[in-house]
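Undergrad: With the hints as extra help, turn the sequences into a complete structure.
If you count the sequence shown from 1, position 57 lands on 57 in this note's numbering, and the numbers rise without skipping.
Careful: at least some of the hints might be erroneous.
Said to hold, decoys possible - Calculated cross-link-like contacts (lysine-lysine; reagent style BS3-like; alpha-carbon spacing at most 27 Å):
no., residue 1, residue 2
1, 78, 160
2, 78, 107
3, 160, 39
Claimed, not checked - Across the chosen pairs, the derived CB separations fall in these ranges:
no., residue 1, residue 2, range
4, 57, 145, 27 to 35 Å
5, 43, 103, 21 to 29 Å
6, 43, 122, 18 to 26 Å
7, 44, 111, 38 to 46 Å
Since the hints were made in silico from the structure, they are not lab data.
Cβ coordinates follow ideal geometry from the N, Cα and C atoms, glycine included.
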Amino acid sequence: MSDEAYARYKAGASGLTRLITRHLGEQESERQVRHVEAKYDSTGPTNIDEIRWLFYDAMLDDEGQQRGQWFMLQVDWKASEEVAWQVQEMLAARGIEPVWQWDHEGKTVMHGLRDLSQWLASRPLSLLIVDYESDSYYALIMETTLVEQTIALGREAGVKILSFEDFTATQDEE
Numbered sequence: 001m002s003d004e005a006y007a008r009y010k011a012g013a014s015g016l017t018r019l020i021t022r023h024l025g026e027q028e029s030e031r032q033v034r035h036v037e038a039k040y041d042s043t044g045p046t047n048i049d050e051i052r053w054l055f056y057d058a059m060l061d062d063e064g065q066q067r068g069q070w071f072m073l074q075v076d077w078k079a080s081e082e083v084a085w086q087v088q089e090m091l092a093a094r095g096i097e098p099v100w101q102w103d104h105e106g107k108t109v110m111h112g113l114r115d116l117s118q119w120l121a122s123r124p125l126s127l128l129i130v131d132y133e134s135d136s137y138y139a140l141i142m143e144t145t146l147v148e149q150t151i152a153l154g155r156e157a158g159v160k161i162l163s164f165e166d167f168t169a170t171q172d173e174e
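TA: This is the structure we're talking about:
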């Protein structure tokens, strides 16, 4: 990958990070942006498959999102018990009440995400899936007015972001 192409992906990742963390306040958002940029700077030009994992590493490593400032859900496909507490962290970071309630017993992660997506629809919020094509789910809660911008910045960053509806269309029926 050329240095120029790499710089474009890095700029896209910076813009995406700034957008998805803006609700955390300028100081935390800029800390996250600096962390993403440092991650890209330490790696240098690579291939597109590794680009998307750079963003993942930056968001979810020890210097990435912190308790009380949660912005990305990360749940293994079979860990439905992880959904509710992570969503509560994400909603609390946005100052959203009442909180979402979900009983995971006998349900899959996809059930939880579908329920959350419907719950968010009654607010000006949408569930977006960061699709790493792995056996885990990664999700963002974004203002509905910012969905298209988030997806476009994801594309600029080399990160595949889908609306929940578009993501479910790619999945096997349960």
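Undergrad: Tell me, which hint numbers fail for this structure?
TA: 5 and 6
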